[in-house]
Amino acid sequence: MFHDQLAQALNISLKDLNDENPSVSDKVWATGLVVAVLREKLASQHCEWELMEKKAIDWLESQNIQPLYSEKLLEKATNFIKNKMVA
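Heads up: the sequence shown at position 10 corresponds to 9 in numbering that gives the first Met the number 0, and the numbers run straight through without jumps.
Just so you know, the hints here were simulated from the structure itself, not pulled from any lab data.
Treat the numbers as computed from the prediction; the structure is a model and nothing was measured.
By construction, the Cβ of each residue, glycine as well, lies at the ideal position given by its N, Cα and C atoms.
Hints are supplied without guarantee of correctness; some may be wrong.
To be verified - Label-pair distances were calculated between CB atoms; the ranges are: (1) Ser22 with Ser43: 20 to 26 Å; (2) Ala6 with Trp58: 20 to 26 Å; (3) His45 with Asn17: 19 to 25 Å; (4) Asp3 with Cys46: 29 to 35 Å.
Let the hints inform the model, and build the full structure from the sequences given.
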């Protein structure tokens, strides 16, 4: 289950976060969501977080997630963030 802190930080209900989890560990889903937030909400500051994004993606792939699936996970997370996250 997601921690309330993540739900509060994203301004998204805990239920919505859990309902959208694509059958991966909470840590994997949370990492995908954070990368999506960086890409969608902080794109203008890319140079400040690009190393963190790379480390997050490397970590996702180290979790026995195939590179193609990690991209699909990030796509799902991005679509979720676009639809649910308020400013």
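Quick rundown of the hints versus the structure:
no. : hint                         : verdict
1   : Ser22 with Ser43: 20 to 26 Å : violated, 33 Å
2   : Ala6 with Trp58: 20 to 26 Å  : holds, 21 Å
3   : His45 with Asn17: 19 to 25 Å : violated, 29 Å
4   : Asp3 with Cys46: 29 to 35 Å  : holds, 32 Å
Checked against the numbered hints listed earlier, the structure breaks hints 1 and 3; every other hint is satisfied.
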